[in-house]
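Trainee: Each chain, written out:
Protein chains: 2
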Amino acid sequence: MRIVSLEEIKAVLPKVDLIAEIEAGFAAYSRGDVIVPPVGEMHFDSPPGDVHIKYGYIKNDEIYVIKIASGFWQNTAYGLPNGNGMMLVFNQKTGQPVAVLQDEGYLTDVRTAVAGAVCAKFLAPKNIERIGILGTGLQAKMQLKYLDSIVDCKKAIVWGRSETSLLKYQSEMNDSGYAILTTRDMDEIIDQCQLIVTCTASEAPLISRVNPGTHITAMGSDTKTKQELDASLLSMADLAVADSRPQCEERGEIHQAMKVGFTMDGVVEVGEIIAGNHFGRTDEDQITIADLIGVAVQDIQISKAVLNHLN
Amino acid sequence: MRIVSLEEIKAVLPKVDLIAEIEAGFAAYSRGDVIVPPVGEMHFDSPPGDVHIKYGYIKNDEIYVIKIASGFWQNTAYGLPNGNGMMLVFNQKTGQPVAVLQDEGYLTDVRTAVAGAVCAKFLAPKNIERIGILGTGLQAKMQLKYLDSIVDCKKAIVWGRSETSLLKYQSEMNDSGYAILTTRDMDEIIDQCQLIVTCTASEAPLISRVNPGTHITAMGSDTKTKQELDASLLSMADLAVADSRPQCEERGEIHQAMKVGFTMDGVVEVGEIIAGNHFGRTDEDQITIADLIGVAVQDIQISKAVLNHLN
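Residue numbers (our numbering), protein chains in the order written: chain Y, 705 to 1015; chain G, 705 to 1015.
One chain only, chain Y, in its complex shape (with noise of 0.2 Å):
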């Protein structure tokens, strides 16, 4: 069994086509080829803390994952991160562990900013002045950080709430390649931006309308309660977008707006815009909506391609 330091993994991930790798898993997840189990749960009070375990597999691939994930919310106290957590890698067909990656989460963070590019490809209008950005924590910078592969445009606008955190970011960002400007106005991000991309663990509605010609994915939003988009906007789009329709119907931007008459019939999955069975953005006007939760199978995706590419 191979041990996988996160320095490794940090060092092989630009030899790998994240890209490629995680549209193959959205294509094989639509296509009902992938098994993805119940999640685990434990949950701690004292500190508060809870484990995820989240596990898989493609059928007739090499691989099986396993991946437990923990948010201890007081470890910021003792100068430690909240996440933490690790993907263990066996072999389909006899069980044997293959390899622990010790990425502390770090992977999973890079699978969600790719998914939000794969995203982009797909629905993002052609021209786009500015992106606009939701948050400014850690996947609102690596979501920019992956976009710039697909992505033309160099300018970003941030949109926080605290100007601290909006300089901080600014700074953190600074040899990004972008220009970023910050706001803390909404509407800056709404009438200026064709590709915004919500990044917050927002519980209200943070966006209350949508321009024609823009594209919105929401990927902050991942449990019952998160919501950053209005539950009337997902109505108004002319394509809305799931990663995986169940779980969008249990979780996130699509079951907030179910609550008040939006319908699943005309959701499209990610994987199936990718595999071509269904079209992405058709028309610059149009307002497209992706709603990320997550799937497995970007964990699967993930963990194979930096095996495969480690020395």
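FYI, nobody ran anything at the bench for these hints, they're computed from the structure. One or more of the hints may lead you astray.
Which copy? The list can't say, so a pair holds if one copy fits it or any two copies do.
To be verified - Taking lysine-lysine and the DSBU-like style, the derived pairs with C-alpha atoms no more than 35 Å apart in a straight line are:
#, residue 1, residue 2
1, Lys928, Lys763
2, Lys719, Lys825
3, Lys763, Lys930
4, Lys872, Lys797
5, Lys872, Lys930
6, Lys763, Lys872
7, Lys714, Lys797
8, Lys845, Lys825
9, Lys858, Lys719
10, Lys845, Lys797
11, Lys930, Lys797
12, Lys963, Lys719
13, Lys845, Lys930
Starting from the structure of chain Y, add chain G where the hints point.
Mentor: Chain G only, in chain Y's frame:
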């Protein structure tokens, strides 16, 4: 994060008071101090295989444990063991990984055997002329090994279906300190043994009657379909013991007996006996039966003990 090999685990186990550790675990479980979420499962068709993810923690303990166990029944064709697995230990206050115990399923075998010894300690009659073992597999050997410190009797009869397996068992147990007879006649087990441990994967009852003054530990049946004891036997017992009442209601011997009218009313948990909240055997002539399914707290206790005794 510490990576602990099977060799290191085997080297450290003799330093651990396994009986005390497993007893403390059962007592904590019966006190309601152990959180054990539902088991995660994955199934494979070609080649056929199963993966189980068992996890849990003792409240206010230092750690939580996630155990991964696999069975791929065609592995022997590749010269590999069918079973494999590992135990992952994490800090309960921060979620940080503490250790990967690469035990390949060995610690599960040990904690299962130790549970048998714990049952014998509280339930077997004082005077044992012969120990009866059903089955010739790994547990059939390990149960005897871990009874060594608990039971004075060093004479055993082993029952099996095939002469070849019986002779193999006898030869492998040559240095065990036990004088071992073999039989294919169950009556010899029933009539000559006061302590019987059932270690088969049978799906039809093997033992159809029981004499006064006998204790049976039934540990082979851990599914909804496996069964080693006639369903009438539990109703004849003066004391019926479970490792976990909820689990034994769902699978194993008690589960089978409930189909023909046995009720959980009088069933005592071994942890209640260990804690002194219920008596064990009170008379040499009693019939006692313990039904063991396996509880995650055994994994927690043995993982922690191994870690605490490593240099």
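Trainee: All the hints need checking, so say for each whether the structure fits it.
Mentor: Status of each hint after checking the structure:
no. : hint            : verdict
1   : Lys928 / Lys763 : both (29 Å within a copy, 27 Å between copies)
2   : Lys719 / Lys825 : within (20 Å within a copy, 59 Å between copies)
3   : Lys763 / Lys930 : both (32 Å within a copy, 29 Å between copies)
4   : Lys872 / Lys797 : between (48 Å within a copy, 29 Å between copies)
5   : Lys872 / Lys930 : within (24 Å within a copy, 61 Å between copies)
6   : Lys763 / Lys872 : neither (44 Å within a copy, 39 Å between copies)
7   : Lys714 / Lys797 : both (28 Å within a copy, 27 Å between copies)
8   : Lys845 / Lys825 : within (18 Å within a copy, 60 Å between copies)
9   : Lys858 / Lys719 : within (23 Å within a copy, 62 Å between copies)
10  : Lys845 / Lys797 : between (39 Å within a copy, 28 Å between copies)
11  : Lys930 / Lys797 : between (39 Å within a copy, 25 Å between copies)
12  : Lys963 / Lys719 : neither (43 Å within a copy, 59 Å between copies)
13  : Lys845 / Lys930 : within (20 Å within a copy, 54 Å between copies)
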